Amino acid sequence: MTYRLTVNGLSHEVAAAPETPLLYVLRNDLGLNGPKFGCGLGQCGACAALVGGKLARTCSIALRDVGDDPIITLEGLGTLQRPHPLQKAFIEEQAAQCGYCSNGMIMAAKALLDRNPKPSDEEIRDALADQLCRCGTHNRIVSAVRNVAMEPLR
Amino acid sequence: MSVMRLSRRHVTQSLGVVLATFALPSPSVFGQAPPNVPFSLRNNRKLEGWIRLEADGTVTVFTGKAELGQGILTALTQIAAEELDVGFDKIRMVSADTSQGPDEQYTFGSQSVEQSGGAIRAAGAEARGILLAAAARRFGVRAEELQVRNGTIIAADGRRATFWELAKESAGLLKGDIALAAAPKKPSDYAIVGKSVNRIDLPGKLTGVPSYVQDMRLPGMVFARVVRPSRYGARLLAFDEAAVRALPGVVAVISDGNFLAVAARREEQAIAGRDALVSSAHWSDDAVELPDMARLRTELQKLRAETIVVGSAGQSEPAPGQAKRVSAEYSRAYLSHAAIGPSCAVAWLKDGRMTVWSHTQGAFPLRGDLAKVLGMQNGEVDVVHVPGAGCYGHNGADDVALDAALVARAVPGAPVKLQWMRDDEFAWAPFGPGMAMKVEAALGSDGKIVDWSYDVWSNSHAMRPGQPGGVNLLAAWDLKTPFVKSPAPHIPQPFGDGDRNAVPSYELPRKEIRNHLLLDAPVRNGSFRTLGAHGNIFAIESFMDELAEAAGSDPLAFRLAHLRDPRAQAVLQAAADKAGWAPGKKGDGQRGRGLAYCRYKSIGMYAAAVVDVEVDRKTGVIKVPRVVMAADLGLVVNPDGAKNQLEGGIVQAVSLTLKEQVAFDRRQITSRDWSAYPVLTFTEVPSLDIVLMQRSDPSFGAGEGSLPPTSAALANAFAHATGRRLRGLPMTPERVKAALS
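First to last, the protein sequences are chains Y and W. If you're matching positions, the first sequence starts at 1 in the working numbering and goes up one per residue. If you're matching positions, the second sequence starts at 1001 in the working numbering and goes up one per residue.
Among these hints, one or two may not hold up.
[Said to hold, decoys possible] Derived BS3-like pairs (lysine-lysine); straight-line CA-CA distance at most 25 Å:
{"#": "1", "chain 1": "Y", "residue 1": "K88", "chain 2": "W", "residue 2": "K1302"}
{"#": "2", "chain 1": "W", "residue 1": "K1438", "chain 2": "W", "residue 2": "K1302"}
{"#": "3", "chain 1": "W", "residue 1": "K1195", "chain 2": "Y", "residue 2": "K88"}
{"#": "4", "chain 1": "W", "residue 1": "K1090", "chain 2": "W", "residue 2": "K1168"}
{"#": "5", "chain 1": "W", "residue 1": "K1350", "chain 2": "W", "residue 2": "K1372"}
{"#": "6", "chain 1": "W", "residue 1": "K1737", "chain 2": "W", "residue 2": "K1623"}
[What the hints assert, rightly or not] Selected chain W positions facing chain Y (in silico; Cβ < 7 Å):
{"#": "7", "residue": "P1203"}
{"#": "8", "residue": "T1207"}
{"#": "9", "residue": "V1209"}
{"#": "10", "residue": "D1215"}
{"#": "11", "residue": "A1339"}
{"#": "12", "residue": "A1389"}
{"#": "13", "residue": "P1678"}
{"#": "14", "residue": "T1681"}
Worth flagging that the hints you see were computed from the coordinates, not collected in a lab. Fair warning: this is a prediction, and the values are worked out from it, not measured in the lab. Ideal placement from N, C-alpha and C gives every residue a C-beta, glycine not left out.
Using the sequences and the hints, build the whole thing.
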């Protein structure tokens, strides 16, 4: 089957079985590295992307269910040369160790700030509660998100 | 149970094993090498093996250590930039790679700054010295009259020559061995070392630049998955190969003995192939009988063991008669690494050479074990380190490298990417072994410890590849012609194995410490961050509080009274001051505060933790609002990087202490996903306050030493809050409720 997807503003045609998890299409057909395989069970959040503006676990969405919803991945936020304010804040706070969970953290923070531009620390922690980090950089991640939320113009 | 005292002969023998496998420094074995030769230079003496000036005006610096998320490549870049006097951004690091760069064995034990940093410091100073001498010859001046600025040498009269020009002029300039002719800079002259520098690898990792082995894509690459039984010991009897081969995209089904894997053109097709194999495979009913989790401590104590006295003093004197005796027993569960990304490797058999890209901690040792299993020469196999998800020790990285290589052998010419699924990682990777500890001590009339007896039971925490007597790779034990597991090495104190930090740093006039190395290993064992130090310090520091209470002393004063090392006293005092330690303050049934101290490996970093808890007596949930830690790391290369490591260790230790245990019934591992192996989440993470002591002494690694005192201080805080003590980790709500009922 072929499907048409809009990812980071560009339209792509991909050929894969309808039940294929979106994650593998993003990574292997479109060559994106942001979304990561963590559990395949929707438990850890490493594979997160925005689908139709909402935070989604791409390991647990079948290709046939994506429909017309535009997809934004980590690469769609910013680049090495022009990082998104969240990516910049993560770098400034050194809010990572291995960085494997960072994709999910940044995407979940983006989804939070899109719906609540001035979250409290408690709201940040709640929004990230289902995103797992094993290196223990949680507090730096919260600081990075808070810093972006406190910027006057975003 | 045999009791073996360490005779001189035993020490020599065990050192022999250790040198082969752990490469600890020992002047006797390294013969003529002067004692001031940095450890990692001893077998890697070529200057160009460490530092190479490139035609494009950059410097390539090689290390045998690997970036595990700890920021080592950034710290080593700082050291190289400092000694060479070259801009930080001109340096390109190449990490562990058997095809180039030094063999530094494993990246473990918080030793990379010490070992690789020490070598790069010497190599940098040497290169700078040689280039200065060359410039002095060219300008006809004395080297002392020259200055170096960002790789350019400047004479007093303004004449200049860059490092690269000088190297080009005489090609052999940096080709020799490192003679240790140039003295490295004095710490007081450091400009970059000691400053917080952002990690060089994070911008790429945070913007989706391919950075991980999981992100590798090679032309014609196929995807593979492995299929393992539900339990240790089961043998593969049959599976429906034809049905799996008929699935879309499947290019190979590989079976060899009990090893079973599938390769396909697309990743989801490989996963579908795996699912089909899982449902069609028949495994024998064989199983390894696992311990009863509910009685882990006594179950471990029943296993066959080799007992070694690893520390003793004053045993020729009789134990004091009228002293007050106290004893207690503790335990710790088996722990999973629980990295967010399951282990992954890419392997490619091409023109008779096998190249494996791996997030292993030991590229060279892994290469040796891979070659053995594949029946190839070491020179025909290369292992190249590429980062993976967080590494807290010996996880599935090495095992998946062999899995991928076995598949690659079946599809020659095609690169193979094999990532474990979540349940592969949770069920089959090596675990930090469960531990049982027993302490008995006597207090004199002055309230000081006069006698100390300690026992620790656990499997070896050191079962990595590259050890003699076998192969330590999962699939190797399952092949039709299987390889045997290497026996556990004997790692002497102060490094130790399950007995790491079993010998207390306190002044104890009479003591005996015994390590019961368990010989039966029902649950797969390996190295998890700190090896035995986590369990031993949990026991020792819990017990110090129990003794302080028996002596009617404040826990801080009691510890200080048993410590002579001023650096130990200083970290304890600094942590207590920062936290506002109030002697004699009682817990109120819910809130409490605990303290603990550890000098990691007895020769590494010093750390003291003060942990606050709030206990919900109804739900049994322990909240940790705040942790204060003071740490003495000697000379700190990258203060923010070191702080990040300490913070991460504290958070991980809180997680281990409150939540983590590998679960199993009597036949199989049952914690196979995140719901069965929960870790600390954002709403549960404490606020952290770190005090770094200012020192200019040699550096101690920061990667591990913050965990042990955090766990112990948390246990002490619970006891302080509630008056009840939990002596088994983790301190789950069920155990809390049972202790409070």
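key: Evaluation of the interface hint that places T1207/W against chain Y, nearest CB under 7 Å   = Constraint on T1207/W satisfied, holds at 5 Å.
inquiry  = Just to be careful, I want the Cα atoms of K1438/W and K1302/W compared with a cutoff of 25 Å; is the pair within it?
reply    = holds (14 Å)
query = Is the hinted pair K88/Y and K1302/W satisfied, with a Cα-Cα distance of at most 25 Å?
reply = Not OK: K88/Y and K1302/W at ~54 Å, beyond 25 Å, violated.
message = The hint names T1681/W as touching chain Y; please verify it with the least Cβ-Cβ distance against 7 Å.
response = holds (5 Å)
ask   = For the hint on P1678/W, does the least C-beta distance to chain Y fall short of 7 Å?
value = Violated, because the Cβ-Cβ distance from P1678/W to chain Y comes to roughly 9 Å (cut-off 7 Å).
task = Would you check the hint for K1090/W and K1168/W, treating anything up to 25 Å between C-alpha atoms as holding?
result = holds (17 Å)
task = Would you check whether P1203/W satisfies its interface hint, that is, whether its CB is within less than 7 Å of any CB in chain Y?
result = holds (6 Å)
ask   = If you draw a straight line from the CA of K1350/W to the CA of K1372/W, is it 25 Å or shorter?
value = holds (18 Å)
message = Need the status of pair K1195/W, K88/Y: alpha-carbon distance at most 25 Å?
response = holds (20 Å)
query = With a cut-off of 7 Å, does the beta carbon of A1389/W approach a beta carbon of chain Y closely enough for the hint to hold?
reply = holds (4 Å)
ask   = Per the CB criterion, is V1209/W less than 7 Å away from chain Y?
value = holds (6 Å)
ask   = Does the nearest C-beta of chain Y fall within a distance shorter than 7 Å of the C-beta of A1339/W?
value = holds (6 Å)
The structure fails hints 1 and 13 (numbered hints given earlier, in ascending order).
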